[in-house]
Amino acid sequence: AQSVTQLDSQVPGFEEAPVELRCNYSSSVSVYLFWYVQYPNQGLQLLLKYLSGSTLVKGINGFEAEFNKSQTSFHLRKPSVHISDTAEYFCAVSILTGGGNKLTFGTGTQLKVEL
Amino acid sequence: KAGVTQTPRYLIKTRGQQVTLSCSPISGHRSVSWYQQTPGQGLQFLFEYFSETQRNKGNFPGRFSGRQFSNSRSEMNVSTLELGDSALYLCASSKAGGPDTQYFGPGTRLTVL
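Those protein sequences? They're chains E and G, same order as listed. Position 20 (the first sequence) corresponds to 20 in our numbering; numbering is contiguous. Position 46 (the second sequence) corresponds to 1046 in our numbering; numbering is contiguous.
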């Protein structure tokens, strides 16, 4: 079975400073990786995904992530964060199982950006 | 294109009752998945439906069930509600399933008293 570990439950951010949210996964088969963001009282919005190809993935709102197979990591980065990026971020993995689609999520990282 | 819609957005029930939640996927999407989100357990997969057939199931008791209609709309039902069923229930749709991108609705907040 696959699993996802988000190493930090909370990460402080500062306006216009870079931030990194860490994600490690475990799986015996190839995985597909996703980052989602959740704003208060809302559903999940896809930030970016890695299915294959280039290991550096660019997403919406200036976010990017790098897939590192040897370290089984998929860390999320943003060069310059803003207060509006304050939200909870979830890393997720998916494998082809039973011909279907099932996401396994990490426990989430709360990013709070301050001035 | 309209996103995933879920109704109702909020529900309050008492223990022992049953509840039905509804999800309308994005037009053209045939796969619908359900997730439960709680502060203690995080986001957990409930089940996935594709072309009216359950294709995957998570580790939840039989009180949790679902179905999908020919227009891809889906419902999930929880019978004999327990306090621990209080959660945000999220529905997600994708075009054909794995590993296609899943698009999430705003969720239904269920409170069990």
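Treat the hints as calculated values from the structure; they're not laboratory data. Note that the coordinates shown come from a computational prediction; the quantities given were computed from them, not determined experimentally. You may find that some hints are simply not true.
What the hints assert, rightly or not - With a Cα cut of at most 27 Å, we get these calculated DSSO-like pairs of lysine-lysine:
1. G:Lys1095 with E:Lys49
2. E:Lys49 with G:Lys1001
3. E:Lys112 with E:Lys58
4. E:Lys49 with E:Lys112
5. G:Lys1057 with G:Lys1013
6. E:Lys49 with E:Lys69
7. E:Lys69 with E:Lys58
8. E:Lys58 with G:Lys1013
9. G:Lys1001 with E:Lys58
10. G:Lys1013 with E:Lys49
11. G:Lys1001 with G:Lys1095
12. G:Lys1095 with G:Lys1057
What the hints assert, rightly or not - Which chain E residues stay away from chain G? Per the calculated CB distances, all over 12 Å, these:
13. Gln6
14. Leu7
15. Glu15
16. Val19
17. Ser28
18. Gln38
19. Asn61
20. Asp85
21. Ser94
22. Gly106
23. Leu115
Said to hold, decoys possible - Facing chain G, a subset of chain E residues (Cβ under 8 Å, in silico):
24. Val29
25. Gln42
26. Gly43
27. Leu44
28. Leu46
29. Phe90
30. Lys102
31. Phe105
32. Gly108
33. Gln110
34. Lys112
Backbone N, C-alpha and C fix where the C-beta goes; we use that ideal spot for every residue, glycine too.
Structure-based check of each hint:
no.: 1; hint: G:Lys1095 with E:Lys49; verdict: holds, 16 Å
no.: 2; hint: E:Lys49 with G:Lys1001; verdict: holds, 21 Å
no.: 3; hint: E:Lys112 with E:Lys58; verdict: holds, 22 Å
no.: 4; hint: E:Lys49 with E:Lys112; verdict: holds, 23 Å
no.: 5; hint: G:Lys1057 with G:Lys1013; verdict: holds, 25 Å
no.: 6; hint: E:Lys49 with E:Lys69; verdict: holds, 15 Å
no.: 7; hint: E:Lys69 with E:Lys58; verdict: holds, 17 Å
no.: 8; hint: E:Lys58 with G:Lys1013; verdict: violated, 43 Å
no.: 9; hint: G:Lys1001 with E:Lys58; verdict: holds, 23 Å
no.: 10; hint: G:Lys1013 with E:Lys49; verdict: violated, 37 Å
no.: 11; hint: G:Lys1001 with G:Lys1095; verdict: holds, 14 Å
no.: 12; hint: G:Lys1095 with G:Lys1057; verdict: holds, 19 Å
no.: 13; hint: Gln6; verdict: violated, 10 Å
no.: 14; hint: Leu7; verdict: holds, 15 Å
no.: 15; hint: Glu15; verdict: holds, 28 Å
no.: 16; hint: Val19; verdict: holds, 21 Å
no.: 17; hint: Ser28; verdict: holds, 16 Å
no.: 18; hint: Gln38; verdict: violated, 9 Å
no.: 19; hint: Asn61; verdict: holds, 16 Å
no.: 20; hint: Asp85; verdict: holds, 19 Å
no.: 21; hint: Ser94; verdict: violated, 5 Å
no.: 22; hint: Gly106; verdict: violated, 8 Å
no.: 23; hint: Leu115; verdict: holds, 28 Å
no.: 24; hint: Val29; verdict: violated, 12 Å
no.: 25; hint: Gln42; verdict: holds, 6 Å
no.: 26; hint: Gly43; verdict: holds, 4 Å
no.: 27; hint: Leu44; verdict: holds, 4 Å
no.: 28; hint: Leu46; verdict: holds, 6 Å
no.: 29; hint: Phe90; verdict: holds, 7 Å
no.: 30; hint: Lys102; verdict: holds, 5 Å
no.: 31; hint: Phe105; verdict: holds, 4 Å
no.: 32; hint: Gly108; verdict: holds, 7 Å
no.: 33; hint: Gln110; verdict: violated, 12 Å
no.: 34; hint: Lys112; verdict: violated, 17 Å
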